Amino acid sequence: MIVDVSSPASVRASGWGWRYAGRQAWAAREIDVSIEPGERVLLLGASGAGKSTVLAALAGVLGGSDEGESTGSLMVGGADPARVRGASGLLMQDPDAQVILARVGDDVAFAAENLGVPRTEIWERVHESLDAVGLRLPLEHPTSRLSGGQKQRLALAGLLAMRPGLLLLDEPTANLDPAGVEEVRDAVGDVLARTGATLVVVEHRVDVWRPLIDRVIVLSSEGGVLADGPVDAVLSGQADALDAAGVWLPGRDPAPFSARPIPPGDLLLAARSLSLARPGSQPLGLHVYLDVSAGSATALTGANGVGKSTLALTLAGLLRPAGGELRAREQLAAGIGSAPAAWSSSQLLTRIGSVFQNPEHQFLASSVRAELAIGPRALGVPPTQVASMVDELLARLRLDGLAQANPFTLSGGQKRRLSVATALATRPRILVLDEPTFGQDSNTWRELVSMLLELRSRGHAIVAATHDEAFVRAIGATPLRLGDSRRADAAADRSGRAPAAGRPS
Amino acid sequence: MTVLAAVRTGPLARINPVAKLGASLIIAAVLLLSIDWVSALVALVAELVLLCFARLPLRTLWLRTLPVLIAAPLTGLTTLLYGRTSGTVYWHWLFVEISDGSIALAIATALRVLAIGLPAVLLFLTIDPTDLADGLAQVLHLPARFVLGGLAGLRLVGLFIDDWRALSLARRARGVADRGRIRRLLGQAFALFVLSIRRGSKLATAMEARGFGTEHRRTWARPSAFAGRDWVVLALGAAVGVLAVAVSLYTGDWNFVVRS
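Protein chains in written order, with numbering that gives the first Met the number 0: chain A, 0 to 504; chain B, 0 to 259.
Please note that a few of the clues may not be correct.
[Stated by the list, open to error] To give an idea of the interface, some chain A residues facing chain B are shown, with a C-beta separation under 10 Å as derived from the structure:
#1 S46
#2 S64
#3 L90
#4 D93
#5 A101
#6 E112
#7 A160
#8 G222
#9 L225
#10 G228
#11 I351
#12 G352
#13 T425
#14 R426
If you are wondering where the hints come from, they were derived from the structure by calculation, not from laboratory data. Keep in mind the model is a prediction, meaning the values are calculated, not measured. No residue lacks a Cβ here, since even glycine has one placed at the ideal position from N, Cα and C.
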């Protein structure tokens, strides 16, 4: 059935539930919801309450009976969503996973082609959709050169080309920097103002979407709907339940910590006019000056693409400096030379630990327990001692119930805790983290902050590449702001000063 | 596609990718039938003449054909040292034997690699993957599911390269990069495999969310037509093949590889 849906669609769920094939537990169940055309709904709930499952079902992409079983009924605009693809458009979290074709225009046209729209009308829709999301680029522009925020707007335009009556957003800004978050939120606002489409958005950062929504529905982890109503009433009425579920509530300070003043310790690592290069690329136009002392915390900040991650990887001894100097002092090096990039992999373990942006890149073992044992074993710690170290870490990071679980099957917050724990297992003097709070709920965020404060008080140094200003304040970090190299070069041309000097501000 | 950006100028860029694919397949098929130096040389000369009309940027031409230019003499060298011995033996050492036969075979093989490799590289140099997919689906009527799935998957290659780098750095950070290189690379390859399956399934969901894979008939935003000039390219490919066989038969050098 082809339906050219351009009018806002309603949602009706009664006693709806879904269980994925081969699973014991229901991913969502006993859901009774009625959403009128044009309503804008924020869908909240603890992780595992079935928010994403509901969105996938509304988008008609859950699959057939071979993918799982359903109960009750679910209708979009009075029809089964799986049979009227295009009635709703689903925007997901990962910007890289949603770019389909190589050129901007073709990518937007893709959905209209699939719905059998005639050729001339396809290109009208492409222009209209790109205009609606404010992406004013040539149709030939390569999609690989878009920023994260642009990619999400492109995906949104691709959905709009289907003229959906229902927009479904599944944490569409979790992987973006603050500028990208606003960019996408504003584009969605413009689209809603134009089309009047119904909106259902899943997001645990309430403040991002608050200006756009007029109703909140909270799903319960035990199944069913916990609360449903106007924004203020639900947020204040369910504040404690939402807080426990990791939802970021406006006005609730997510950081009830005050970083106690920690006296600066010995200098461990010093960067002087350090310049950086991504593997296989030209050096970035940065010259970094930085001292890392025991007990200190440094936040590497700056816009996307400026080289924060590259600096973190270089400081961690994983990438070679492109120029300048990065010297480990004797306090850190302990007799193995002063260039971290020249140390062996196992020599790094007790000196500098790394936590990657994507925890999955770091996982090597098939169980949480085995994962934590890898570092200590590489150091040659006797097996009985390894076991007790692992037990202690499991308890400290509340992973003890998951000791036998496969790291890849953990939730986002659990993966983050495990990736930090793997680095802590060998007690490195310096811990380098790349965007540790990206996409984390408020519970994981708080745990991370208290863990890092504890490490600081024990004399470990923290270096974190981050966009999260609340996080920088909470761990009491000194920001090192990296300038946009192109803009900094232009500024240097005018003033005649050295380009892009990153000094602690 | 920054890794393999297509050249989109010059006369070849306007040719339907299906025609270019067809022409290079014809030449390859004909040249694989015999191993003699005459047919390969004739095809190569004819191709070089045609190349002068293609107006491709020299630098790109040089960089893209480099692998073939390196591979051809290497193949020749291997054949020279280990090829079937016949006639006078000039040098002998263990399994290595250079003879009249292996010299002739080496020249024929090197020329053949060039004659098959050059047109393939050059024609593909000007093929944009999206245009090829349009052609395969609209001209050859291959299933859209298969063609577009492949095209979308191709875009993931760049991400796999990033993943591989991150995996390597992460292994150094985890303290396991000092020993057991082979085992580590195998483990890393498996990790990449797992990550790529995840990326693939996410991409599949994104495609489905945009109405891909439904029953009804798809339209195409970009028309892919097979015009007169495309037939000319196919005919040129065939002409190169026929000329090579004809000259080789005339000189008596043609040796059909499948002997009865």
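Evaluated hints:
no.	hint	result
1	S46	18 Å, violated
2	S64	16 Å, violated
3	L90	8 Å, holds
4	D93	6 Å, holds
5	A101	5 Å, holds
6	E112	5 Å, holds
7	A160	8 Å, holds
8	G222	24 Å, violated
9	L225	27 Å, violated
10	G228	29 Å, violated
11	I351	8 Å, holds
12	G352	7 Å, holds
13	T425	7 Å, holds
14	R426	12 Å, violated
When each numbered hint is compared with the structure, violations occur for hints 1, 2, 8, 9, 10, 14.
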